[in-house]
Structures are given as structure tokens and as C-alpha cells.
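Now for the letters of each chain:
Number of protein chains: 2
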Amino acid sequence: MAKIAVLLEDLFEDSEFLKPFEAFKEKGHDVVVIGTKIKTVTGMKKYTKVEIEKEIKDVKEKDFDALFIPGGYSPDKLRIYDEVLAFVKDFMKEEKPVFAICHGSQILISADVLKNRKVTGWKSIKQDLINAKATFIDDKVVVDKNLISSRMPDDLPYFIEECLKKLNEL
Amino acid sequence: MAKIAVLLEDLFEDSEFLKPFEAFKEKGHDVVVIGTKIKTVTGMKKYTKVEIEKEIKDVKEKDFDALFIPGGYSPDKLRIYDEVLAFVKDFMKEEKPVFAICHGSQILISADVLKNRKVTGWKSIKQDLINAKATFIDDKVVVDKNLISSRMPDDLPYFIEECLKKLNEL
Numbered sequence: 001m002a003k004i005a006v007l008l009e010d011l012f013e014d015s016e017f018l019k020p021f022e023a024f025k026e027k028g029h030d031v032v033v034i035g036t037k038i039k040t041v042t043g044m045k046k047y048t049k050v051e052i053e054k055e056i057k058d059v060k061e062k063d064f065d066a067l068f069i070p071g072g073y074s075p076d077k078l079r080i081y082d083e084v085l086a087f088v089k090d091f092m093k094e095e096k097p098v099f100a101i102c103h104g105s106q107i108l109i110s111a112d113v114l115k116n117r118k119v120t121g122w123k124s125i126k127q128d129l130i131n132a133k134a135t136f137i138d139d140k141v142v143v144d145k146n147l148i149s150s151r152m153p154d155d156l157p158y159f160i161e162e163c164l165k166k167l168n169e170l
Numbered sequence: 001m002a003k004i005a006v007l008l009e010d011l012f013e014d015s016e017f018l019k020p021f022e023a024f025k026e027k028g029h030d031v032v033v034i035g036t037k038i039k040t041v042t043g044m045k046k047y048t049k050v051e052i053e054k055e056i057k058d059v060k061e062k063d064f065d066a067l068f069i070p071g072g073y074s075p076d077k078l079r080i081y082d083e084v085l086a087f088v089k090d091f092m093k094e095e096k097p098v099f100a101i102c103h104g105s106q107i108l109i110s111a112d113v114l115k116n117r118k119v120t121g122w123k124s125i126k127q128d129l130i131n132a133k134a135t136f137i138d139d140k141v142v143v144d145k146n147l148i149s150s151r152m153p154d155d156l157p158y159f160i161e162e163c164l165k166k167l168n169e170l
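Residue numbers (this note's numbering), protein chains in the order written: chain A, 1 to 170; chain B, 1 to 170.
Among the clues, some could well be false.
As the list makes no split between identical chains, a pair holds if one copy fits it or if it spans any two.
Stated by the list, open to error - With a straight-line Cα cutoff of 25 Å, these simulated DSS-like cross-link-like pairs (lysine-lysine) come out:
{"#": "1", "residue 1": "K49", "residue 2": "K165"}
{"#": "2", "residue 1": "K57", "residue 2": "K77"}
{"#": "3", "residue 1": "K45", "residue 2": "K166"}
{"#": "4", "residue 1": "K89", "residue 2": "K126"}
{"#": "5", "residue 1": "K123", "residue 2": "K57"}
No lab work stands behind these hints: they were computed from the structure.
These numbers come from a predicted model, not from an experiment.
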């Protein structure tokens, strides 16, 4: 089974973390919640509480098979850290599966890894994705090689299905 | 005195709205809080409550002398509306004063008005500003003709000083 890194901070969109997290665990994958420090983070809608298990300074891309970035305002908080951007860059460089939903792709913009990649995301960041030289596609799920992205909670069933398919290929 | 439009939604950064708002009022300027609908919006930190006075569909740039965009996650929520982007574009086109702090410039990115403009903003949106062809300057306040921008709450005294100076020139 795969070992999946999740990047999380306060104000994550609750269902965008919970539903894929539960689906990955149910299939037997190992999911590790990573943040900037060990603490409890809180979702923006249903105030889901999640424990950060590992600090970004203590992890390496080599230790994982895939990366998952939930949306909400968590990505905005995470992308100011160089260690977070370096971690994300390594997954893209190694072409390991990267799953980003809603505002998740904001971290990919800051990590400068979207040039000529097909991607989707929440409509507020559409112009940012285009300016980052990505090809923005307004669809429920966009699969571009290792990169899988979706727009919002409504897209979760399609997002999860494609993520699980990609994990099965490992 | 000047008539200033403020664009506001939930999760605005409390002090970034309140301090300039109070400073503008104190100097005798008329400040009108505009949102997507008439409702009470709530700040992200101290949970400041503010009444939206006018809906974006009922206002025109012609009715105002200046525009103020506070930060927090309010700009992310506002920039998905075409009416908001059109309103902002008109201020920039007419070269009327535009004041943006923190995440405020996200709306300017979506309105596509930052090309070759000097600007600053919260560090999470630095790459987005650069990708929008703006010249990002990491300083407490950046004045580029009609456009005044700052990075964060700590910059407020400098931001307010430059905004008031610009309003005095009207």
C-alpha cells in the first residue's frame, strides 16, 4: 500500500481533507498529516480537529509515495514556508502522485511547478493558475500524468476515484 | 472630502479594515462598505461585525473618489464575482486612488490590472503578484501613482499615512 503525505494547516476545508483521508485509509493506505509544527489544526466549516503528526522539517519526499493537498485557506498559510515548497517541488520532480483540490494548487503555484501542466482549482485562483502558465481546465477532475486536481467539495467523488486509481498503479 | 468605497466579505482581517476605516472617518471622509449582498460580515481575528451598506450590483465607480480593499480572506471570496472585478478595473482605468493591503491585491490580480505596476502584499501571494507581471516590492508601503499597497497589519501606520496623503491630493 502507499504512504501518503498530507499538508495541513488551520482553516482547511473540512470535507476536502476528511473524505479523501477516510477513503485512502479504508483502502489500506498509510496517511501521515504534516504541518509546520506539532499542534491541533481546525477546519473552516465544521471545525474538524486534526493532529499534525510530523513537522515539515522532519520529513522528506523520499519517505512517501504520494502527496495530498486539501483546500480551504490551509494552502495559503502553508505556502509561505520554504520547506513546504521544497517538499512539494520534490514530489513533482520525481513525478510521484500529487493530489490537489480547491485552493490546494496555490502551493503548486508558489513552488513554481505548474508550467504547461493541466490543472483545475477553485474559481478564485483561476487567474493565478493561468498566470503561472498552467492550462486551467474547468472540470470536476483533471488528470495530467502524476498531477490530479479538482475544484471544490462537490467534485470529491470524482477526485477520490482518480486518486485511488493512481495509487493502485504504484 | 472624499467618498471611499470599501470592498468587504467574511473573514476580512479585522485591523486592516478597522484602522484605515476609522482614520478615514476621523478626517471627515465618507466611507461606504460594499459587498455582494446586504448582510453582516465577520472578521477573522477579533470577529468584528460590519454591515454591508451597498450591493456591488447597485454601485458604480463614478459615485466614488477612491477604493479601499482590506486583507484577510475577504478578497479571495470577492474576486469570484465579475461585478467586483469590473468595479475595480474602472478605478484603475480612471486612475482613482486604490488602497490594497495584505491579500487585497488578489482582487487586482483577477481584475488583470497589475501589469508593470509596483505593488506589495502578504508574502503568500508574492509569486501570484510576480506572475501577474507586477513588480513586487517587499516594503511596508508601496506607492505607485494611484495605487498604494502594504503587506500586513504591522504596516498599517505607514499605509494609512500614505492613503490620507493621497486623499488630500484630490
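Hints, verified against the model:
no. : hint       : result
1   : K49 - K165 : neither (28 Å within a copy, 46 Å between copies)
2   : K57 - K77  : within (16 Å within a copy, 32 Å between copies)
3   : K45 - K166 : neither (29 Å within a copy, 39 Å between copies)
4   : K89 - K126 : both (21 Å within a copy, 17 Å between copies)
5   : K123 - K57 : between (32 Å within a copy, 20 Å between copies)
Of the hints listed earlier, those the structure fails to meet are numbers 1 and 3, in rising order.
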